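**Student:** Chain by chain, the residues run as shown.
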Amino acid sequence: MGFIMDGLDAEEYDRIYSDWALVKRILGYFKSHLWKMLVVGAVVFLSSVMDLILPVVVSQALDQLQFSPEAFDPIGTSIILGVAASAGWVANMIRQWLSAEAVGDVTLDLREDAFNAVTERDMSFYDQYPTGKVVSRVLSDTQAFSETVRLSINLMSRLLLVVLLIIYLFTVNVNMTWVLMAIIPFIVYTALKFRTVARRTVTNSRRQLATVNAHIQESISGIGVAKAFRREQMIYDEFKTVNQESYEVEKINGFVFGSIFPILVTIAGLGVAAVVWFGINMAQQGILTAGEWFLFIQGMGMIWFPLTSISSFWSQFQLGLAAGERVFALIDAEALVKQNADDPVDQLEGEIEFVNMDFHYNEGEQVLKDFSLRIRPGETLALVGHTGSGKSSIAKLISRFYEFQQGALLIDGVDIRYFNLSSYRSQLGVVTQTPFLFDGTVMDNIRYGKPEASDEEVIEVAHQVGRGDWLASLQEGLETQVGERGNNLSMGQRQLVAIARVLLQDPAIFILDEATASVDPLTETLIQEGLDTLLGDRTSIVIAHRLSTIQHADRIIVLELGEIIESGSHDSLMAAGGHYATLYDSYFRHQSLEYIERMAG
Amino acid sequence: MNQKSEFSVEGLRDYNRCGPVRWIISHCLEHKLYLFVGLFGFALTYIAFSGARVMFGRGAELIIEGGDAQAVIAVSLAVLILSVSDGLFALLGSMVMVILSTRVERDSRHELYASLLGKSQTFHDQQRVGDIMARATDDVRQLNFVIHPGIMFIFDMFLGFAVPMIYIAAINLELLLAPVIFVICYVFVVRRYMRRLEPVMMQQRMQYGTLSARLEETISGIEIVKVAAQEIEERKKFKRNAWKYRDFFVQQGKIEAAYLPLLMFGIAFGFFFLHCLNLYSRGILSIGDIIAVAGLMQVISFPVFISLFSISMIQLGIAGARRILELIEQRADIDENLAGHGAAVVGAIEFDHVTFKFHGSTVLEDVSFTVEPGQTVAIVGQTGSGKSTLTQLVSRTYDVDEGRVLIDGVDVRDWNLDRLRSQMGKIEQDIFLFSRSIADNIAFGVQNATAEEIENAAKEAQAHDFIMSFNDGYESEIGERGVTLSGGQRQRLALARAFLRQPRILILDDSTSAIDSATEDEIQKAMRRAQEGRTTILITHRLSQIRWADRIIVLENGRAIANGSHEELLRSSEHYRRIFARYGAVESPIGQLAAGGGA
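Chains as they are written, first to last, in my numbering: chain A, 1 to 601; chain B, 1 to 599.
Fair warning: there could be bad hints in the mix.
Computed from the model, here is a short list of chain B residues facing chain A with C-beta under 10 Å [to be verified]:
| hint | residue |
| --- | --- |
| 1 | L80 |
| 2 | M97 |
| 3 | T102 |
| 4 | F271 |
| 5 | H275 |
| 6 | E350 |
| 7 | T397 |
| 8 | R504 |
| 9 | I507 |
On the chain B side, residues computed to face chain A include the following (Cβ under 8 Å) [what the hints assert, rightly or not]:
| hint | residue |
| --- | --- |
| 10 | S83 |
| 11 | S94 |
| 12 | R109 |
| 13 | M206 |
| 14 | Q207 |
| 15 | T210 |
| 16 | E216 |
| 17 | I224 |
| 18 | K239 |
| 19 | W243 |
| 20 | Y280 |
| 21 | I284 |
| 22 | G384 |
| 23 | D408 |
| 24 | K426 |
| 25 | E428 |
By construction, these hints were calculated from the structure, which means they are not laboratory data.
Please read all numbers here as calculations on a predicted model, not as lab measurements.
Don't be surprised by glycine CBs; every beta carbon is placed ideally from N, CA and C.
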């Protein structure tokens, strides 16, 4: 019974839609399936009528048998029964067939819209909402929504059957119909009451299941440590406790769900007994025939189950709407990064200028304040400073991942807000400290930013990075599978792939954010040699903890709390003996040979 | 358990693992009593339910032939009692099946978990955590549904057909004709239906997995997607995957729509009714009998209806069971070797012509070296040259393909795995901390560590001060709900964890992530203290650490190309000189000399 669903936690971008607006929008998705839905409506009606014909024909046959056996045609009656059953079955098949197609298509459209909306969000959206939750909106909520649609169609046919049946029964015998209907409130009440209880136990069981899952997740992720320290027994004992607790909770939950059906059967049984008793008495007074009496007994069997579903339908429907609402909220969420125009970008020179910029991620936590900086085309600029000084923010603003609050950012003298972001970013190359690789081969990953590149181009670029020595350490060279998020490669190898990926893209502006932090000194030396030539005629912004990287920069900017406190070449800054010299002493000193010799001594 | 395992649990039952169905059955048989009581409960349910139909026939006779008030009350009361006991026995059966199904869920999760703990690292390297999670959670949950309501379906099949048919036979044997033919056809058709549905459901489920994995990947890597301007490409990919899923969904819907047994039942009922009428005309059946058998025939329709739903459940469950079994049945490569060598480790390590292959490609080739007890060895080499693997052979995370790794002169394969690993400490590159308190994380390696011991270990690792800066000190939770630690802090906690264990052999797989000099100094101090009196294997890119190792091994593509002290290597290895050259070149005359010498 899938009608107990917990709502997901609300997010900031959630909004309230009026029920009407939601329904209208949902119907909009069904527009292209209009004829299918019309046919579904028609066959739903047809199958309900056929379902009703069966007991009615049996009951009338029995009466004929009793009162006018000579006029009775047994073969004709049986054929009617067979044909009605077949027609009902065919109608049902058409209904399921068409609704599967319509629901499948609508879910697909909805998912696509949701996914497209997701890719349009800027980085602040992803900072705020964890991947899992976004995935759940795009997949699970759309799934829940389509389930509701399917369920609604299903229930509609049942409801129709109940209504038709009751109307027919009224024409047969009004008083008996009232006897039959007397049981309805009890069934509806029990079904609703059950929902309340079930909601609670389901919540408990989900919580407990989440605990078990979290335990398994962590012990599997940390299995290496557990093995190295031989603490399998300890985490195993913990697991046993958690698993047992989950069992206890799950059992209660199962009891609740397992009891509803038998309890309703019992209630319906009471109703049947009442129909039997009243019916026989009425029949003996000649008000009811045996056939009609049997029809009422069967009628009881036909209405109690649909009633159970219908009584919980409204809340299911609301949950479905809520799922729809969450998906639409995701689709409609407004991007913080706003472009004023969509101008395609020609080959960039690479001049970057920050003009009196104010920037913060969160209100009240100023990152950049009245920040101005001009980077000349072709210049290699190193950014140094403590954590939180704004180094990475500058890089991210150039990537246009975030919206700034005041001032302007000019690229080649043009406001970044006028660019078509896709064409702008294709001239940008960014390598981060923990590069993300996609499941696939090294070759696929290098080609990622330029899918049309030939194998030869990829191979050439791969060999430019670190003279290609690193390729020899890959089991199958460029054809090596990198695994989920690149897990099969070491962090250093991932950085090398990322650098190759950017080189292939041949960008006008390079941003290296700790790009070689996990590479060994020898490889780094090789990469640096490769990069030096490539960085030569391009604008590049380097954030590094490696002394060697910084020393080669044309200009070094020292940042503190979002402000430029010093600027110049390595030698001039060292000579000045200011912040850079201090920073050098605390950050980079241990990388110098002098320090090493002292420590060794 | 007769397969190799790095970890074994006492008292875990042996289940039949020959196939998913047998496996599920062997789990159920662990709780025979419940199975039996459940079957009993459902049998009574069907007896009562069908009995009520027979009573309807009696009622009809009272109407047609007349009867006194007492007879009317008797029939009504019989219907009441039968209907209520129908519900109550169903309740009993259902409760018992709930217990059975949740137990099987619990036990199979338990079995899976224990087997996962027993698997070697080789196995874990090959599995996606997400995949294991899906099996341990979703697939195990599906098993629950196999039993409740899955097995109930099998009960329904038997009882829902058998009980009413016995009643019908009691009224008139000849009437069994239509239901028997129906049941035979039904079994045949359902089997065909299952065979058609199963692959589609399976593919649909797999496609959902792919869709979800791809989506998650794209969102996790969104920064790259954006900066490489690949949104359009990603949308196409997503659409392709979503389309495939949609196709399987529709295909499933179409197969389900054409569920033949429902049609067959309708036709069978027509024939059955005709048969009844025929017997009536021959004076064998009364109208009351017809009402009774028509009611009984309808009982048979219940399992037919419910099967549409249960079959999918059972198929999902069996598919889930198959995936769980696959995981359990994967061989562990390394055995815990309880009878193995178990002495105290002194700390001599020897690699004797070691070759190691991973997925068929050679990672280490013919590596030989020895380390004296108490020495510090630095392993240097390019990214991917096999450094980490080398240390993993020492802790027997993997087994060598050729040659031997000896600890104190004994092959690691002859050591008791528990004794061997418990005397080693390791600080890995990606330091993994558990989401529990700092104290628990430090004490992870030892049982019953006192607060004082934990604190001392933290002090030694230069971690005490920053730990005390947290509000809850040692009781601060790490992770999502607790404090976030920097790379350097994590490293020091890992050091403390290693200190507390007092390992004889310490392996430091050093991360090169940026740490400022002030912290660096502290870590250096801690590290040097850690190395005192124990054998240390150090993987490092930090020249300062390489510089003061007793011995340095330079690896290149899995071969040890140089081996010696710093001074020796500066003289003999061009490779080694190149590393130092780059660093020294800018300001140190020594470096320039070395660079000049290397050129």
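**Student:** If a hint holds in the structure, say so; if it doesn't, say that too.
**Tutor:** Against the structure, the hints:
Given the 10 Å rule on beta carbons, the hint for L80 of chain B holds: about 4 Å separates it from the nearest Cβ of chain A. Restraint check, M97 of chain B versus chain A: the minimum CB separation of about 7 Å is within 10 Å; hint holds. Taken as an interface hint, T102 of chain B checks out: its beta carbon lies about 5 Å from the nearest beta carbon of chain A, inside 10 Å. The beta carbon of F271 of chain B is positioned within 10 Å of a beta carbon in chain A (closest approach about 7 Å), and the interface hint is therefore held.
Because the smallest distance between the Cβ of H275 of chain B and any Cβ of chain A comes to about 9 Å, under 10 Å, the interface hint for this residue holds. A least Cβ separation of about 21 Å between E350 of chain B and chain A goes past the 10 Å threshold, and the interface hint is therefore violated. Because the smallest distance between the Cβ of T397 of chain B and any Cβ of chain A comes to about 7 Å, under 10 Å, the interface hint for this residue holds. About 14 Å separates the beta-carbon of R504 of chain B from the nearest beta-carbon of chain A, more than 10 Å, and the hint is not met.
A hinted interface residue such as I507 of chain B counts as satisfied when its beta carbon comes closer than 10 Å to some beta carbon of chain A; here the least separation is about 9 Å, so the hint holds. Annotation: S83 of chain B was flagged as interfacial toward chain A, and the flag holds, the nearest CB pair being 3 Å apart, inside 8 Å. Interface hint status for S94 of chain B: upheld, as the beta-carbon distance to the closest one in chain A is roughly 4 Å, under 8 Å. A cut of 8 Å between beta carbons decides the hint on R109 of chain B: the least distance to chain A is about 6 Å, and the hint holds.
This hint is violated: M206 of chain B has a C-beta 14 Å from the nearest C-beta of chain A, more than the 8 Å allowed. Against a cut-off of 8 Å between C-beta atoms, the interface hint on Q207 of chain B is violated, since the closest Cβ of chain A lies about 12 Å away. Look at T210 of chain B: its Cβ only gets to about 11 Å from chain A, farther than 8 Å, so that hint breaks. For E216 of chain B, the interface hint holds, since its Cβ comes within 8 Å of a Cβ in chain A; the closest pair sits about 5 Å apart.
Among the interface hints, the one on I224 of chain B holds; its C-beta lies about 5 Å from the nearest C-beta in chain A, closer than the 8 Å criterion. Against a cut-off of 8 Å between C-beta atoms, the interface hint on K239 of chain B holds, since the closest Cβ of chain A lies about 6 Å away. The beta carbon of W243 of chain B is positioned within 8 Å of a beta carbon in chain A (closest approach about 7 Å), and the interface hint is therefore held. Annotation: interface hint on Y280 of chain B holds; nearest CB of chain A at approximately 7 Å, less than 8 Å.
Below 8 Å, beta-carbon pairs count as interface contacts, and I284 of chain B has none with chain A, the closest being about 14 Å; its hint is therefore violated. Proximity of G384 of chain B to chain A holds as hinted, the smallest CB-CB distance being about 3 Å (cut-off 8 Å). Given hint, D408 of chain B at the interface with chain A, is violated; its Cβ is 18 Å from that chain's nearest Cβ, farther than 8 Å. Annotation: K426 of chain B was flagged as interfacial toward chain A, and the flag holds, the nearest CB pair being 5 Å apart, inside 8 Å.
At about 7 Å, the closest approach between the beta carbon of E428 of chain B and any beta carbon in chain A falls short of 8 Å, and the interface hint on this residue holds.
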